[in-house]
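Chains as they are written, first to last, in our numbering: chain G, 1 to 251; chain S, 1 to 413; chain P, 1 to 1054.
It should be emphasised that the hints constitute simulated quantities derived from the structure, not laboratory data. Treat the hints with care, since some could be wrong.
[As the list claims (entries may be wrong)] Quick list of in silico lysine-lysine cross-link-like pairs, DSBU-like style, CA-CA up to 35 Å:
(1) P:Lys-208 / P:Lys-258
(2) G:Lys-173 / S:Lys-364
(3) P:Lys-1053 / S:Lys-364
(4) P:Lys-792 / P:Lys-302
(5) P:Lys-708 / P:Lys-185
(6) S:Lys-364 / G:Lys-116
(7) P:Lys-792 / P:Lys-812
(8) P:Lys-569 / P:Lys-458
(9) S:Lys-364 / G:Lys-128
(10) S:Lys-292 / G:Lys-238
(11) G:Lys-178 / S:Lys-364
(12) G:Lys-32 / P:Lys-792
(13) G:Lys-173 / P:Lys-792
(14) P:Lys-950 / S:Lys-364
(15) P:Lys-185 / S:Lys-364
(16) P:Lys-758 / P:Lys-841
(17) S:Lys-155 / S:Lys-292
(18) S:Lys-364 / P:Lys-569
[Claimed, not checked] Selected chain P positions facing chain S (in silico; Cβ < 8 Å):
(19) Ser-436
(20) Gly-922
(21) Leu-923
(22) Ser-925
Think of the CB as a built atom: it goes at the ideal place given N, C-alpha and C, for glycine as much as any other residue.
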Amino acid sequence: MSKDTQRVKITPLSVKIPQDQLILRMQRELQKAMEKPVAQRRWAMVIDTRKCVGCSSCTVACKAENKLPPGVVYRPVIEEEYGTFPHVARRFLPRPCMHCTNPPCTKVCPVAATYKRDDGIVVIDYDKCIGCRYCIAACPYGARTFDWGEYYTDGTPVREQYELEPSFEYGEKWPRQKNRSPINNTRKCHFCLHRLNAGILPMCVTTCIGRATYFGDSSDTQSLVSELIGSARVMRLKEELGTNPNVYYLV
Amino acid sequence: MKRLYYLLLFILTVVGFWALGVRFSNGMSVTNLTSYFSWGLWVVFYIFFIGLSAGSFLLSTMIYVFKMHALEKVGRLSLMSALFALIAGLSFVLIDLGHPERFWYTLVHRNMSSVLEWEIHFYLLYIVLVVGELWLVMRDDLSALAESAQGFRSKVARWLSLGYRVAKEEEGRRKQKGTSERWVKILGIIGIPLALGVHGGTGSIFAVSIGMPYWNSSIVPIIFIVSALVSGSALVTFLYAFFGQEEREKPEILNSLSSMLVLFIGIDFVLVLAEFLVGLYGAIPADTESLKAVIAGQYGIFFWVGQLGLATVLPILLIARSRKGNSARLKGLAGLSTVLGIIAVRVNLVLPAYVVPKISGLDKAYVDSRLVYHYAPSAIEILSSLGIIALAVLLFSIAWELLPIIKVSEIKQ
Amino acid sequence: MESKQKDMKSKPKGLTRRDFLKTTAFVGGTGLLATQTGIFGKIGVAHAATETTGEVYELAKPENILYTTCLQCTVACMVKAKIYDGILTKIDGNPYSATNLMPNLPYSLSPVDAAQVDGKACPKGQAGIQHTYDPYRLRKVLKRAGARGSGKWKTIPFDQAVDEIVSGGPLFKDIGEERQVPGLKDIVALRDAKVYSDLAADVGEIRKKKLTVKEFQEKHKEHLEVLIDPEHPDFGPKNNQFLFQVGRIHNGRTEFTKRFVNNAMGSINWIEKTTLCGQTSNKAWVRSTMAYKDGKWSGGVKTPRPDWANVEFVLVLGTIIFEANYGPVQESEPITDGLVSGRLKLAVADPRLTKVASKAWKWLPLKPGTDGALGLAIIRWILENNRFDQRYLENANAAAAKADKETTWSDASYLVKIKDGRPGKYLRADEAGLGSKEQFVVYRSGNFVAVDPNDAEKVAEGDIFVDTVLNGIPLKSALQLLREEAYKRSLDEYADLTGIKTQDIIDVAQEFTAHGKKAAVEFYRGSIKHTNGWYNAQALIALNYLIGNPDWKGGLAKPGGGWDYIGSKPNKPYNMGKLHPGKLSAFGVPLTREGWQYEESTLFAGYPGKRPWYPFSGNVAQETWPSIADGYPYPIKAVLLHSHTPMYSVPGGVHQLRTLLDPNKVPLLIASDIVIGETSMYADYIFPDITYLERWSTGQMPNHYRVKTTSVRQPVIPALTETVEVDGEKLPLCLETLMIAIAKKLGLSGFGANGFGKGIPLKRPEDYYLKLVANIAYGDKDGDTVPDADDKEVALFRDSRRHISSETYDEKAWQKALRPEEWRKVVYVLNRGGRFESSDKAYVGTQERYQLGSILRFYIEEVATSRHSISGNYFSGYAVYQEIQDSMGKKIPVEGDLKLITHKEVFATQSRTISNYWSQIGLQSQNYVEMSRQDAQRLGFKNGDLVRIKSHSNPEGVHELGNGHQRYVEGTVKVMEGILPGVVAVSTSYGHWAYGSNDVIVDEVTIHGDPRRATGTHVQPMFRLDDNLRGTPLSEPIGGSVSFYDTWVTVQKA
Ligand SMILES: Nc1nc2c(c(=O)[nH]1)N[C@H]1C(S)=C(S)[C@@H](COP(=O)(O)OP(=O)(O)OC[C@H]3O[C@@H](n4cnc5c(=O)[nH]c(N)nc54)[C@H](O)[C@@H]3O)O[C@H]1N2
Ligand SMILES: Nc1nc2c(c(=O)[nH]1)N[C@H]1C(S)=C(S)[C@@H](COP(=O)(O)OP(=O)(O)OC[C@H]3O[C@@H](n4cnc5c(=O)[nH]c(N)nc54)[C@H](O)[C@@H]3O)O[C@H]1N2
Ligand code: SF4
Ligand code: SF4
Ligand code: SF4
Ligand code: SF4
Ligand code: SF4
Ligand SMILES: [Mo]
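Next up, chain G with everything else stripped away, as it sits in the complex:
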């Protein structure tokens, strides 16, 4: 083996993941967590960048699940190329909301429309949000985008009905009607709270083709995410800001 083409060093995962049970195990854990009072859950997401194949399925799945209009995206996958030929690497970094433990975004909201729930999920109350976009500026991760009330199929022969169907975010129905929330509101990833409430894993977790996205209750020491967070390869984005994200990356 010549050293010069060895770019990616493969080290075994510190925790033995029962691969063949991944999703169902997490779903079970999720459901177990749902049995507890909200304040005793601590939702966390772990994204294994070594397993992320950069497919952006999570991005699109989230788009579809939450009926995100143009201009709104909750989980883009950022790609970067490093090195020079022939020693080159590509890295993929899915970026949901970090659900910061110390969220700069909620602090600035003039109407307390966005806040951190007891289980750690940072949410936006669409009915309260005045659409000032202050939180967009405050989020260091670019995780908040604004709903401009636009439609993909505008400018084509017909505005398609699927775009007008309600999103189920936060366990409510949000049909798309002119100037009605969430139109003209800021929007963001909410860990698919509506799915959690139905005992189902977030959309980006279930659809992830690289099985790179894990989700669960980090206050449950038995949970898969707890195991992963304990790994030596864990890191978080912009740690220096003290936001203390609940989204962890394995590198």
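Since the structure of chain G is provided, determine the placement of chains S and P with the ligands on it from the hints.
Showing chains S and P with the ligands alone in chain G's frame:
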């Protein structure tokens, strides 16, 4: 000339209101803002006018609180422009909200950690204060007007005087004067922190944003205050120079005003210099990118022509020139130039922060015309802004015509 | 627009959700309680109310879920369609299928319980909603109202359209074309099944040279007028002048359309797009895995693949397994798992740093077209260093394999006769005086031994490196031949050819042979879409055999396959092949001359032949239009183009635009399409089709799964096309409806009231497809039948289709297609979207459960004894390194600055995802002209520069669009590090000029195109054509592949 002036303002206001109509019925999609470039022209004007207001107000407090008698003539002018600038500024906040109909939520749903939330409370208090002060300083004249003037003007004065009448006898008058001076002083003293809060706080809205390295600096609120003083004194200089009554003290007053302007400009310049040097030296990539955009990039024109040219060099030159011939015009022009230049300052305070993705590569991760890092205001944004400005100017002009803004108790004599 | 929007808002036909709630509430609310309990018992729903004001999550309700099969890409994942308010609002993976959830849910699990588990889907699959709800979808038949390609159309009633294409006549008189258009009725000249088979039999005799043309003419003189050309009876009947050209078509629909084309219309010309696709790889695998039966090589497996879940080392060449291939959803998970756990190591050979290469231990940026050289280099090292599995390779028959616990064995030791200095057939035992002519010969310990490859009793082993003479015949063992080829060049020479460092070659070879059976080589289009692709494939296949990895857990595995749906197995309820009274068996030379040796035909006139023949291939897509242009072997009268866009997808395809536009060459051009596409825009008529989410079929089998999987595609929403009436039935306008209507009008066999036999109608699509589902439900052997759906499941079946209007879903009509006892079984299968074996069935001990279990060949004797019809050169039977060449064997010289290659994007498929705003358009708004920093510097380009591409076959870089329109082939430069200098890559799926990207005029109203769909570069017009073949791209002559990566281009600032 005057009719043309009013016609122009009227047309701009009407067109502006049409644009606002479009904005309110179609929502934020009429703007060219994006999810990654989330504040634009309206926020620029919002802080511009808040700055103008705070600056004018601070000027007035100096006059009333610190008894700068030399400038007493422009006290009311400052207060009046503070009021209308504030109204304009708040209008810009309002139209910039995705859900303007929920404006009042800010008073109901409190979030103590939000600077913006505090600011909104500040603004409201501040309005009350400015209006109160204005009333106090004008009540004598209003009362006089109510009695002496005819028709509409008298009606307005009567209505605005809220039933206050100048006492018939000297003793009463002195007492009244004492009360009002005392209250103006009290209000002025309260007003100082408030005005500092209003604009320094507005600066803090930006400065506390750790998401925006370009804003996230403790010098930003200070710059906001100083530049507010710059714009406030510039505006008053301009208005007084061109529209103030010809009177004996005018050249002196203008001299004091323009000296103050130069002083403020000087301080402002030093602060900006500090900000830039520290920013460039620190070389936090996002910050540097913004600074680069300001110095050499797409915002260069605002920086070099607006910020340095119109708001710094030109006014100083004009004022220096004006000293020789004691020219009011040149001083007025210096004020105007500064006011316009401050718009560029506001542009460069808000917009360049958005030029870089918060995470490198985010710009390419998902593409959409609402997910880009560049911005130029839409026609609706521009027209509605002009409309609001025109309306504010119009109202100010009407007030100027109807109310005793410059004249002090002269009518009676 | 405003009014249209209102229309769209109006409730879809059928029961609305609210109506449904009312009715169920009335009868006791069955189904609604479903979400409360799941497979894990009680779930968190109960808490929901205390935290949010929320309602139950609509998309997790079983009555809002239908299972079907994706077709955004050809991989055909199994998906779960979630419907709300009658609208398809979400697509996810079907958790019953191991391809989309690993391990899959038990098949017996109730769909009520399965509702809360979502499987995986890729970004394209997720965006399928936008493929279907595309504002540019066609709903009514279009007939052109101007010249072909003018973009002017009018809508006409379906009946009239069918009448016109069947009857022919002066169909375009209204736009000033006097021409008499031949109708389908004139083409279907021969209807008599008996005459058909008689003629076919004697054409077979002519082919075998056992009958002369004269004798044939004599014998069949009363039928000569039905032939295309009595001088060439092997052209077959005039019926063959009807061409059905198809792109992506899947099981079920394949058979349905073949029933129509081959067996009702009687045309041999049902031609798919597969030579654009993975064909050469598939054909090479098939040939090298064929079994020897009754003196013939037959059978074979298309897609053996690494057993990703257990393999330890894989060399990947020319395929983007995280982005395309077959496909990312199935493959990624076991690979990423292996990479992270340390089980798996990858080396990836690709000129680009693909996403998988970026995770590999080694990226080998090899020069395009040199995969064979790399393969041979590794072979050389393995042979030189004795790193092959000698014991495995010496096994010469089933018995020997069995003795070693192997399930496969090889021809490594089989002796090949060398004639005139070139290897020909294997030596047969009778020739050696050792046995029968069905036996082969090996050499062992100084003796020649007769071998029956399938003998499971008597062990036969042979020496693998043999170079000897018997009875004056020079003989070499198959592996000896390969060794001699591999030894022709030194490793350093291979390094020069491929651009891969010698040490890297050695490292990879070493690693490949360091894991026993748990290593494999995976390759696909990048390795084979070259003029030398066949041999490249053979070299790469050989690598697997050298380590004896087939059928081993962690080695080379056969796909699990699926249940027979066509009913050819015994005890099936419906044998679809037989259920066709009056069935015609199409015969004759296909338009593309596939499956025929040039020498067998009456057209044989020495070398070069006029156009190439493809004895080992099929569906030679790139040959259709040039063959029509040349009228070789015969002219075509009518073309039905379906779900395929040769003008977009075939390299240099646009060079045939003039053929499409020429009414003399193509008198009638009909398209079945969902939109006005890049090729259907040139048609005379476009019949709207329904998309994969609105229609039937029986899916494909996954290539990367090791257990049985048979998906069903079924309508999950009502058809968006207009409803038409055919033979008294109300049907959605689609391909099936068109065929049923044509058959009715022409009175063709196999369709209509007695289509399947007396009283068994084929009048509706479900008459056909539900029978396939029944075949699946009844299984492949006794006791393999699925259970009956219980009452609850039957109720769910109904509820979940409440939004589908009656022309698509009418329970009575559906039941009528089946026998009563089949209904509940069919419901059971449809409620799960197919039939799926549990993924834990994949292995038996250390071996795969589904096995190749046969002889595997390094040497393909039938190929070795065939000649290229143009150059007249013999093909090679084993892997050789061949330089890129044209059909005359002339080397393609360096003709430009850069080698042009192309690839797919993970979020795009071919031409069909440009409507996907969430994915293709959102994830990347355009494609790029991707080049290395070195090249960009050399040529003076920087990121974002607009450049024009020029090539030998298109020196001006012009893309002709017809009717005087043209554009340059231009694109935006993207400079990167992860690409081999000297190569320029342009992905496909962008650069549209139709498919909603352009303005069209329909009924005199201009429909504006969407500029977002027109971005990027379409590089197809640049590809290298074969200088001898009048507008045909360079091709690979054995498997039939089009060359995609052999073109030199020059890139200049635009
Ligand atoms: N996302 C997506 N997935 C798909 C499809 C799709 O359209 N989009 N289509 C499906 C279909 S129909 C097919 S056929 C498969 C195809 O699946 P793949 O074969 O995996 O896909 P291609 O894009 O054809 O892959 C070509 C690769 O070969 C590389 N290459 C080019 N020249 C050479 C060479 O000479 N040697 C080597 N070693 N590599 C070379 C290219 O850089 C590119 O990475 O994908 C299927 N899956
Ligand atoms: N540059 C470049 N070219 C390539 C490739 C590449 O990697 N790079 N890949 C090649 C490969 S592997 C393949 S398989 C071919 C594929 O080539 P094609 O089979 O021609 O392409 P598709 O995009 O699958 O479909 C063609 C058209 O069918 C129509 N269509 C879509 N859905 C339906 C439907 O449901 N019903 C009907 N009736 N019509 C429908 C649409 O008009 C669509 O444009 O392309 C090849 N071309
Ligand atoms: S990532 Fe941004 S939006 Fe999410 S919690 Fe942190 S600051 Fe708020
Ligand atoms: S946009 Fe909405 S959530 Fe964000 S700060 Fe403003 S009111 Fe709060
Ligand atoms: S958790 Fe849900 S909302 Fe957040 S990114 Fe994933 S899919 Fe989107
Ligand atoms: S779906 Fe999974 S593998 Fe694909 S980009 Fe998202 S995180 Fe990565
Ligand atoms: S891989 Fe292909 S078939 Fe599977 S979900 Fe994606 S587009 Fe559909
Ligand atoms: Mo393909």
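Results of checking the hints against the structure:
no.: 1; hint: P:Lys-208 / P:Lys-258; in the structure: 26 Å, holds
no.: 2; hint: G:Lys-173 / S:Lys-364; in the structure: 31 Å, holds
no.: 3; hint: P:Lys-1053 / S:Lys-364; in the structure: 24 Å, holds
no.: 4; hint: P:Lys-792 / P:Lys-302; in the structure: 41 Å, violated
no.: 5; hint: P:Lys-708 / P:Lys-185; in the structure: 43 Å, violated
no.: 6; hint: S:Lys-364 / G:Lys-116; in the structure: 29 Å, holds
no.: 7; hint: P:Lys-792 / P:Lys-812; in the structure: 18 Å, holds
no.: 8; hint: P:Lys-569 / P:Lys-458; in the structure: 31 Å, holds
no.: 9; hint: S:Lys-364 / G:Lys-128; in the structure: 32 Å, holds
no.: 10; hint: S:Lys-292 / G:Lys-238; in the structure: 23 Å, holds
no.: 11; hint: G:Lys-178 / S:Lys-364; in the structure: 29 Å, holds
no.: 12; hint: G:Lys-32 / P:Lys-792; in the structure: 28 Å, holds
no.: 13; hint: G:Lys-173 / P:Lys-792; in the structure: 28 Å, holds
no.: 14; hint: P:Lys-950 / S:Lys-364; in the structure: 29 Å, holds
no.: 15; hint: P:Lys-185 / S:Lys-364; in the structure: 55 Å, violated
no.: 16; hint: P:Lys-758 / P:Lys-841; in the structure: 42 Å, violated
no.: 17; hint: S:Lys-155 / S:Lys-292; in the structure: 56 Å, violated
no.: 18; hint: S:Lys-364 / P:Lys-569; in the structure: 53 Å, violated
no.: 19; hint: Ser-436; in the structure: 66 Å, violated
no.: 20; hint: Gly-922; in the structure: 6 Å, holds
no.: 21; hint: Leu-923; in the structure: 6 Å, holds
no.: 22; hint: Ser-925; in the structure: 5 Å, holds
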